Amino acid sequence: MLHAKVIDSKNQKIEIERAEEFLKSSKFGALIFFVGTVRNINENKKVTGITYDTKDSMVIKSFEEIYEEADEKLEIKDKAVFIEHIKGYVGLEEKSILIGVGCKHRDQAYVLSRYIIEEIKKRTPIWKKEHYENQESEWLKGTSIEVN
Amino acid sequence: MKITVELFGAAREFSNKDFIELNLLQPSSIKDLKKELVKMIDNKFNGNQNFKKIVMSSAFCSENDNIVSDNFKIDKKQTFGIIPPVGGG
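Chains as they are written, first to last, in this note's numbering: chain A, 82 to 229; chain B, -9 to 79.
Warning: the hint list may mix true and false statements.
Computed footprint of chain B on chain A, listed as stretches where at least three residues anywhere in the stretch have a Cβ under 8 Å from a Cβ of chain B [claimed, not checked]:
(1) 100 to 112
(2) 156 to 165
Computed list of chain B residues with no C-beta within reach of chain A, every gap over 12 Å [as the list claims (entries may be wrong)]:
(3) Arg2
(4) Lys7
(5) Ile10
(6) Asn36
(7) Lys43
(8) Ile73
Using 25 Å as the maximum straight-line C-alpha spacing, the simulated DMTMM-like pairs for lysine to aspartate or glutamate come out as follows [as the list claims (entries may be wrong)]:
(9) B:Lys29 with A:Asp152
(10) B:Lys42 with A:Asp134
(11) B:Lys24 with A:Glu217
(12) A:Lys222 with B:Asp8
(13) A:Lys126 with B:Glu3
(14) A:Lys185 with A:Glu146
(15) B:Lys43 with A:Glu150
(16) A:Lys108 with A:Asp159
(17) A:Lys203 with A:Glu214
(18) A:Lys142 with B:Asp32
(19) A:Lys185 with A:Glu217
(20) A:Lys86 with B:Glu53
(21) A:Lys126 with A:Asp159
(22) A:Lys203 with B:Asp8
(23) B:Lys42 with B:Asp32
(24) A:Lys222 with B:Asp32
(25) B:Lys7 with A:Asp137
(26) A:Lys202 with B:Asp32
(27) B:Lys43 with A:Glu219
(28) B:Lys43 with B:Glu(-4)
(29) B:Lys66 with B:Glu(-4)
(30) A:Lys202 with B:Asp55
(31) B:Lys7 with A:Asp159
(32) B:Lys24 with A:Glu174
(33) B:Lys34 with A:Asp134
Rather than coming from a laboratory, the hints here were simulated on the basis of the structure.
Note that the coordinates shown come from a computational prediction; the quantities given were computed from them, not determined experimentally.
By construction, the Cβ of each residue, glycine as well, lies at the ideal position given by its N, Cα and C atoms.
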């Protein structure tokens, strides 16, 4: 069971309650929530916010692929996953991503949560433009997508 | 033939619009598309090296959201997305 969505910061915020509601099940003994937020310092620069750019259709496709792969690579069949990522501008401390996972046991839940965030960072088409106190801004360097 | 390239991430700096349009010979490949983008950067941005690096480190996706290789054949008018190095979260 997967919930995957890109949230436009102009209209909505990422809320943990939505993930809790989605993951609630007596089948799962472990729920883990990973929340990414905007940090105030990056590489010694004072950050005021981040604009996230996304290719929405590919983001959803990527979330689905990562979820499916978990079956094969991690052998975690019985699971529920909630992923929301922001697009648009978010200020300091605001949520940029929420990954909620529900599994039978905590070991699986920790592994799955970590796997999802690391894969998203490597291959999901999302980009960050950081804004700084001196009014400047900069697209952050990322990871090139593998082409087969 | 006219090829549209949708811009994302750092590649958005290439234009004020969300896309750019290029003319390629028929048939061409993604490799040719990259060359044409570099040519556009030479003409429009005085050979901006950072912009060229973006092109060379980017992947390209087809209209159905598949990443395509440098050898992918382009034989009709279509749209691609430029996918610069990613880093969400």
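Establish whether the coverage given for the region 100 to 112 of chain A by chain B is satisfied; the threshold is a Cβ-Cβ distance below 8 Å, and no fewer than three residues must meet it. violated (count 0)
Distance rule for B:Asn36, whose beta carbon must clear each one in chain A by more than 12 Å: Per Cβ check, B:Asn36 is outside 12 Å of chain A; nearest 19 Å; holds.
Residues of the region 156 to 165 of chain A with Cβ under 8 Å from chain B, three needed, outcome: That given contact is violated, which follows from only 0 residues of the region 156 to 165 of chain A lying within Cβ reach (below 8 Å) of chain B.
Are the Cα positions of A:Lys202 and B:Asp32 separated by 25 Å at most? It is violated: about 31 Å lies between the C-alpha atoms, which goes past 25 Å.
Is the Cβ of B:Ile73 more than 12 Å away from each Cβ in chain A? Its Cβ does come within 12 Å of chain A, the nearest being 5 Å, so this is violated.
Regarding the pair B:Lys43 and B:Glu(-4), is the alpha-carbon distance no greater than 25 Å? Roughly 17 Å between the alpha carbons, so the hint for B:Lys43 and B:Glu(-4) holds.
No chain A beta carbon within 12 Å of B:Arg2's: Non-interface label fails for B:Arg2: nearest chain A Cβ at 7 Å, not farther than 12 Å.
Check the hint pairing B:Lys7 with A:Asp159 against an upper bound of 25 Å on the C-alpha distance. With a Cα-Cα distance of about 45 Å, the restraint between B:Lys7 and A:Asp159 is violated, given a limit of 25 Å.
Please settle this one: B:Ile10 was flagged as non-interface, so is its CB more than 12 Å from every CB on chain A? Holds, because the least Cβ-Cβ distance between B:Ile10 and chain A comes to about 16 Å, which exceeds 12 Å.
Given the hint that B:Lys66 pairs with B:Glu(-4), does the C-alpha gap stay at or below 25 Å? Judged against 25 Å, a Cα distance of about 16 Å means the pair holds.
B:Lys7 paired with A:Asp137 [C-alpha distance capped at 25 Å]: holds (18 Å)
Hint consistency between A:Lys202 and B:Asp55 [alpha-carbon to alpha-carbon, up to 25 Å]: holds (18 Å)
Hints 1, 2, 3, 7, 8, 9, 11, 15, 17, 18, 19, 21, 26, 31, 32 from the earlier list are contradicted by this structure; the remaining hints agree with it.
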